[in-house]
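So the protein sequences, as listed, match chains A and B. Heads up, the first sequence is in my numbering, so the first residue is 1 and it goes up one at a time. Heads up, the second sequence is in my numbering, so the first residue is 1 and it goes up one at a time.
Computed, partial: chain B to chain A, Cβ under 7 Å:
1) S514
2) N520
3) K545
4) N546
5) S589
6) R623
7) F627
Below, in silico cross-link-like pairs of lysine-lysine (DSS-like), each with a Cα-Cα straight-line distance of 30 Å or less:
8) A:K594 / B:K601
9) B:K596 / A:K545
10) A:K40 / A:K26
In short, the hints are calculated from the structure, not lab data. We treat Cβ as the ideally placed atom computed from N, Cα and C, and that holds for glycine.
Number of protein chains: 2
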Amino acid sequence: MKNASTGFVVDTSKSPYAKLFPIPIKNVQIIDEFWAPRLKIVREVTLPSQYRLCEKTGRFANFRRAAGKEHCNFQGLFFNDSDVYKWIEAVAYSLAGVHDNVLLNLVQIVIPLIMAVQDKDGYLNTYFTFERRNERWTNLKDMHELYCAGHLIQAAISYYRFTGDRRLLDVACRVADHIGRFFGAGKRLGVPGHPEVEMALVELYRTTGKEEYLDMARFFIDNRGKGLVGGSAYHIDHRPFRELTEIAGHAVRSIYLNCGATDVYMETGEKALLDALTKLWSNMTNRKMYITGGVGSRHEGEAFGEDYELPNVRAYAETCAAIANVMWNWRMLLISGDAKFTDVLELALYNGVLSRISLDGQQYFYVNPLEDNGHHKRQNWFECACCPPNIARLLTSLPGYFYSLSKKGVWVHLYASNIANVVVDGMNVTITQKTRYPWEGDVDLVMRLEKMAAFSLFLRIPNWCQKPLILMNGIELSGPIKRGCYVEIHRLWEDGDTVHVSMPMFIEQIIANSNLIENNDKVALKRGPIVYCIEQVDNPNIDLKNLILPAEPVLEAKWKPDLLNGVVVIEGEAFLIEPIEQNDNLYFSLSETKTKIRSVKFTAIPYFTWANREQGPMKVWIRSSTFLSSINWKN
Amino acid sequence: MKNASTGFVVDTSKSPYAKLFPIPIKNVQIIDEFWAPRLKIVREVTLPSQYRLCEKTGRFANFRRAAGKEHCNFQGLFFNDSDVYKWIEAVAYSLAGVHDNVLLNLVQIVIPLIMAVQDKDGYLNTYFTFERRNERWTNLKDMHELYCAGHLIQAAISYYRFTGDRRLLDVACRVADHIGRFFGAGKRLGVPGHPEVEMALVELYRTTGKEEYLDMARFFIDNRGKGLVGGSAYHIDHRPFRELTEIAGHAVRSIYLNCGATDVYMETGEKALLDALTKLWSNMTNRKMYITGGVGSRHEGEAFGEDYELPNVRAYAETCAAIANVMWNWRMLLISGDAKFTDVLELALYNGVLSRISLDGQQYFYVNPLEDNGHHKRQNWFECACCPPNIARLLTSLPGYFYSLSKKGVWVHLYASNIANVVVDGMNVTITQKTRYPWEGDVDLVMRLEKMAAFSLFLRIPNWCQKPLILMNGIELSGPIKRGCYVEIHRLWEDGDTVHVSMPMFIEQIIANSNLIENNDKVALKRGPIVYCIEQVDNPNIDLKNLILPAEPVLEAKWKPDLLNGVVVIEGEAFLIEPIEQNDNLYFSLSETKTKIRSVKFTAIPYFTWANREQGPMKVWIRSSTFLSSINWKN
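With the rest of the complex left out, here is chain A (with noise of 0.2 Å):
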């Protein structure tokens, strides 16, 4: 057993074919006016909320009912407990951040009533007890019972590492060692409908040693494509993992089965599993993503659609999907140290999961447009309520992904104000980032040793900036600094050597391969990591849908600290079409329709922060004239 006081999130420290390994959450202090005070509210608003909302809607009630202290009927769906779960994760980032004596004493509520129900055989699951007893593993499709299992032991785990309370640990020992019993290599056969515990197990392992664990994960992720769970592409069933090529089914599912792969890749280095991630992740990123990082476009199955299925209004993009794409890439990073996962990382973090949350920390997105016609707001909960507590445990693990170490040294993954304490070779080293990221791209990092040592510090140059500059010491890097890699400065630090990063941050007219055809001739507007969109309260005399952006635009990016809790909005003139004489109907003949168009200004605010003040009509894709006007003058 592994020292309680890691409090690493994946803990790659030992994982052989890992080449980044992790720093503890605690040794990382957010100091910064966009982080900090969004950790803060999830610390004190949502997490209480979610706490409330457990109770409410008989979460807490179940476990209970299970361990025989309550009568009453189950309430809710199948997979409930899931979310108690996810919330223990939350909490355990959270305490190993900051104390917090509300959420210490709210925890250590939840533990025993959750340690109460587990069956002498290792069995814990409050919605197959009583009447349901027998139906145990008998729907291993359909019923989440792996799932929820996973999630059990990933809190376990959590609250294990944060707080050395190893209770919920040896429960979740317990409940592996029952399914290690009922399933593998010459047992019965099966994979989970919902993936999820394949991960879970990795990191059990990680935290045990005990190999059999490691042998579970494999055992789920050999076992697919068999047809156990139907076989249908929904459940990524459909094919053997290392053989398939497109990303597909259920976002999801797909994606926390790809987190699992490669958990399990990062201690076997198997090749042929890399291979497999390494055309999964091509195939995802480069058809099947919105620019917001957000993926999983199709309704139908919370699915992943087509090559290029992105529509903008009827996005499905699931919360837990963009929240799932940050956990899959941040694995790709831990093996490979590219860079190219970062920046899917972040795109998806500040516009993909930043978005399903609202500015007071208590409302949710589960479906998430990129165009909406006003009607679509969050909730407080959902009857599905993945999404929430799958928000927390991301927020509130994420200093444990600003820095990673090497062997050659120390790692910058994602910038903002903030003190973190890494031990490079034994040696404390406090590294002092101060930044207004992600609205301005100057970082002024400072480096605290306590003597003389050579490392490398790996910094991360963002894929999108066009003119990065680095200033050592106040002396700038000879040679050109590439972007969409890390870039290695070696040397021999000194205390107090300082590390300029300046990465300007242009407005970009980003425009999307002409094959997803919804988008051509459009533009989405992005200034750094920031995706942006308009917004009607911001724009209140312009129908958004016929706003069209000249070839080159005047721009003005501009510093609101008090709109929407400080935001960088984006100002520019535009052209609107008025079209007249245009009945209800929805088919008309061009030549008898007539329209005036005129000059208007406008306002495009982060895409993370719409839909917080009144209702209206959003689009991120805004239509462009930039091809279509060339025609005229090169005709």
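Fit chain B to the given chain A structure using the hints.
Okay, now just chain B, sitting in the frame of chain A:
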């Protein structure tokens, strides 16, 4: 019992609230170059091939099995009986027009198969026999028993009307009587999960005069919205029918139900029904219908989507839904004599229906995209084969849609060379149409009368026709001829009177309502009633999605007798954007994208002929610089 020789599809001849009355199919002889060859193919190729497929797929075997004549398992889906019934109906319409020994012999083999299955109590469904006998009428929501009964009744009526043979009609009456003993006021409550029996029962009332059948149809409409089949919009059970304002749910179910309600209205005149139907029709045509007349845009649930949810690539637009659209508009027309219904009927007929069957009459689309990457192709048959015999019965009944009678005279709805015999005030009138419609808009009508008679001739002027002209015996009708309505010519008709209708066909660029955002900055080409598309095979070196029509394109219509069995194509010049330095990425910064633009010639073909040659991309909505280029000169 009415005379067996009436031969109507929808027999409103005694319906008190119908404005228009039918002309028997056999009285209209289509002799043109467009429809006549198609109807011949349906008769000689389609219907015999469907007979073989019904045999091959066990549909006939299911009847033999249920009659105890063959020992096998039930084959296929539980509603497969309905395909046999639709085939019979198609054959009956076909036989009404043209004697065909092959079809007559085949249908006479099938009729006894069906008769042999009927139980003494009147029940008839091959799925619910033997081991499933006890499940009869236990699941109206899912099991399509009333749906199959409806198709049996329709087949029986048609076969009786066109052959005088009442054996199957007697069977159908016993089925209906059996249903009536189970369901009705004071008996069991219930509605069909899949509407269809409603219109069948009204037609059975019209055929037999028995009011209980009309009462049953009304009962099945009255009891919707009570949750009897689950209460979902999918089943159109979310709200009482008379309270519906937006068309929703499974498209075929929804429109079949509307057909039934329209039929009930024609008998009862209940205003609340007509009010609901009017709202549903407006919502459908102004918000949820493709430019082709296809409906039901959403894959999920084969359903109507939200307002303006009309994706091109991911259109569902089931074949049967377009057919249902024709059926419903026909009924709305019979109520009203309003040409807006004929406009939609014609649109759906030439584009939404005709595109669903291959030129050789043997392959069918089930799903009908308006843009495709080249993978979509017609199939010989489907496991769920509702569409193929549905197309067949619509096309074989087509002669019945050309004319109607009203108290004031004769109505001309559709144009094609034909000879029609109608009876006006007891006198035989022969109308001869000569035209190259739908390729040219000139129609010559010659009236042959036994003696002079005063009545009105109502000529439909399609709404697409911007400059209609009518010559009566060579002299232009005075006053403006309005389009989108029926022009009434009341006179004392003499033998040999001629009417010339001139409906000049211009190539029109159609734009969609700007709320249909996917089609912003796109146009579709249309000429007369025909919607065009561009297909890769005609435009070999053009990336269709990057083809852009200039603001005022040069477009030319050309008759191509050897192409696709003879079509008018549209040839034109447009611009092609060729992105360079564009890698495989999904998203690019515009500032880093370079494009070149060149002028190209392109050819568009009628949408209904697509996918009849080598596979390749196709699209209906073409990018256009119309609005955007105007920005420059107005700027």
